[in-house]
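**Student:** Single-letter residue listing:
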Amino acid sequence: MKLTRTKHYKAFASPLLQNNPISIQSLGICSALAVTVQLKTASVMAISLTLVLAFSNLIISLMRNHIPRNIRMIVELCVIATLVILADEILKAFFYDISKQLSVFVGLIITNCIVMGRAETYALGNPPGMSFLDGLGNGAGYGSILIAVAFIREFLGAGKLFGYQIIPNLFYNMGYENMGFMQLAPAAFIIIGLLVWLQKSLEKE
Amino acid sequence: MFKRFQSIIFALITAFVCSLLLTGAYQGLKPLKIQNMAADRQLNVLKSVNMVDENIRYTVDEIKKIYENSIERLWINREGRIINDNEKKPQDMPIFLYMENGQLKGYVIPINTRGLWGKIHAYLAFEKDGSTIKGFTVFKHSETPGLGGEIEQAWFRKNFIGKKIVNPKGKFASISIAKGKVGESIPEDRRLNYVDGISGATLTGRFLTAGFREILSDYESVSIHFRNNSIRLPGMGSGIPVKTK
Numbered sequence: 032m033k034l035t036r037t038k039h040y041k042a043f044a045s046p047l048l049q050n051n052p053i054s055i056q057s058l059g060i061c062s063a064l065a066v067t068v069q070l071k072t073a074s075v076m077a078i079s080l081t082l083v084l085a086f087s088n089l090i091i092s093l094m095r096n097h098i099p100r101n102i103r104m105i106v107e108l109c110v111i112a113t114l115v116i117l118a119d120e121i122l123k124a125f126f127y128d129i130s131k132q133l134s135v136f137v138g139l140i141i142t143n144c145i146v147m148g149r150a151e152t153y154a155l156g157n158p159p160g161m162s163f164l165d166g167l168g169n170g171a172g173y174g175s176i177l178i179a180v181a182f183i184r185e186f187l188g189a190g191k192l193f194g195y196q197i198i199p200n201l202f203y204n205m206g207y208e209n210m211g212f213m214q215l216a217p218a219a220f221i222i223i224g225l226l227v228w229l230q231k232s233l234e235k236e
Numbered sequence: 003m004f005k006r007f008q009s010i011i012f013a014l015i016t017a018f019v020c021s022l023l024l025t026g027a028y029q030g031l032k033p034l035k036i037q038n039m040a041a042d043r044q045l046n047v048l049k050s051v052n053m054v055d056e057n058i059r060y061t062v063d064e065i066k067k068i069y070e071n072s073i074e075r076l077w078i079n080r081e082g083r084i085i086n087d088n089e090k091k092p093q094d095m096p097i098f099l100y101m102e103n104g105q106l107k108g109y110v111i112p113i114n115t116r117g118l119w120g121k122i123h124a125y126l127a128f129e130k131d132g133s134t135i136k137g138f139t140v141f142k143h144s145e146t147p148g149l150g151g152e153i154e155q156a157w158f159r160k161n162f163i164g165k166k167i168v169n170p171k172g173k174f175a176s177i178s179i180a181k182g183k184v185g186e187s188i189p190e191d192r193r194l195n196y197v198d199g200i201s202g203a204t205l206t207g208r209f210l211t212a213g214f215r216e217i218l219s220d221y222e223s224v225s226i227h228f229r230n231n232s233i234r235l236p237g238m239g240s241g242i243p244v245k246t247k
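Protein chains in written order, with our numbering: chain A, 32 to 236; chain B, 3 to 247.
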């Protein structure tokens, strides 16, 4: 059997494009607006969310046959919240300046609908390995949109990528100006909208 | 009945395991976090006196080295006299002296004040003349990103450099945030006591203005000594400050 036919591959790959959490399911848009001004914060957010999502899926899936139905959401939240606080603590200890820039948004991973949504719809009904891959896939799907948006916003808004000047000073001297609008949250909305449009129109063909 | 009991036990076990994990992580990473926070404060003091390049990332050790070479943290008492740690009484206020090659170059006072959504923690640095602002940095706040949050941005902080906290007659006038641009809204003789405001953040500006007024008037007693050039460092004789001119 080809790799692309296995169900493990499907669990990982389907949320990357045809079932992308942001562009198709419209989940987790709030944080996508907030942390995409710079590529650096967007990448850290993408990595943090992917790890939280993968491990919350894994843990909940391991416990899925033991969690009493009536308190399952409380247990899910407990697991997710613990993982998020762990991620926040680790960032504060090892990447202090980035954690300062991300400020409240790491804590807000808890409220990111993707995490709870995958726990409810996938991890509760599938074995641990598959759930872990599903978490990785969804995180990567979310992250890829975040990084694409941040790339456009930082490039057009500040002329930089990862904080390094890309557009040479010569251009500025000749009258080129940064697009201030890209620094504001509505710009992320518009870019996400354009990405959704692009994806849908490509899919039709 | 049994099912309900089972749920409670399960919830208790989950909560116990989670809290164990969190306590472990919190305690284990605490020394690193404290180190980072201390370094961040030191970096901001250094930024306010323009001792570090804002575009360069410094390691914790580098910050500590520059800080220890050029900043001395002391206290001022009620009379505005600078004192050592060992003479400190509870009501005395902290002050940072900025030295270069053993020469006093200026001083930094911590600004901890109310903002719109929470406390604003900042540093305001002065030249040795006791009236000219050398720099301003914000290291912690909870203002809205993009609006009041702009107070931590370089463009806003740069406005403070060279401004005065006294009017042309030499009387204390504090430093205030204007509504809009200083050049458009403030009469010419008072422009040195104002910095450009942030559009969309009038309230943050108002809180900051009030905080500056309150804190700077508390520190007036020491600023006056700097203005009159009658400052005395601890360990250089005791008693009432004497003119050094």
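Since the hints were derived computationally from the structure, they do not count as laboratory data.
Hints may be right or wrong, so weigh each one.
[Said to hold, decoys possible] Simulated pairs of lysine-lysine, DSS-like, Cα-Cα distance not exceeding 27 Å:
hint, chain 1, residue 1, chain 2, residue 2
1, A, K38, A, K191
2, B, K91, A, K123
3, B, K166, B, K181
4, B, K181, A, K123
5, B, K66, A, K123
6, B, K160, B, K183
7, A, K123, B, K166
8, B, K130, B, K90
9, B, K130, A, K191
10, A, K131, A, K71
11, B, K121, B, K171
12, B, K160, A, K131
13, A, K131, B, K67
14, B, K142, A, K131
15, A, K71, B, K91
16, B, K142, A, K123
17, B, K67, B, K5
18, B, K5, B, K32
19, A, K131, B, K121
20, B, K142, A, K71
21, B, K166, A, K131
22, B, K121, B, K91
23, A, K71, B, K160
24, B, K166, A, K71
25, B, K66, A, K131
[Unchecked claim] Computed Cβ-Cβ distance ranges for the label pairs, DEER-style:
hint, chain 1, residue 1, chain 2, residue 2, range
26, A, E234, B, A40, 51 to 57 Å
27, B, R116, A, P217, 29 to 35 Å
28, A, F125, B, F18, 43 to 49 Å
29, B, A40, A, F212, 46 to 52 Å
30, A, Y207, B, R116, 39 to 45 Å
31, B, S232, A, A216, 51 to 57 Å
32, A, I178, B, N57, 22 to 28 Å
33, B, G202, A, G156, 34 to 40 Å
34, B, Q155, A, P158, 47 to 53 Å
35, A, A216, B, F174, 53 to 59 Å
36, A, G211, B, A40, 34 to 40 Å
37, A, V227, B, K67, 35 to 41 Å
38, B, K90, A, I178, 37 to 43 Å
39, A, A216, B, Q29, 36 to 42 Å
Beta carbons: idealized from backbone N, C-alpha and C, even for Gly.
**Student:** Hints the structure violates: just list their numbers, smallest first.
**Tutor:** 1, 2, 4, 7, 9, 11, 15, 17, 18, 21, 24, 28, 29, 33, 35, 37, 38
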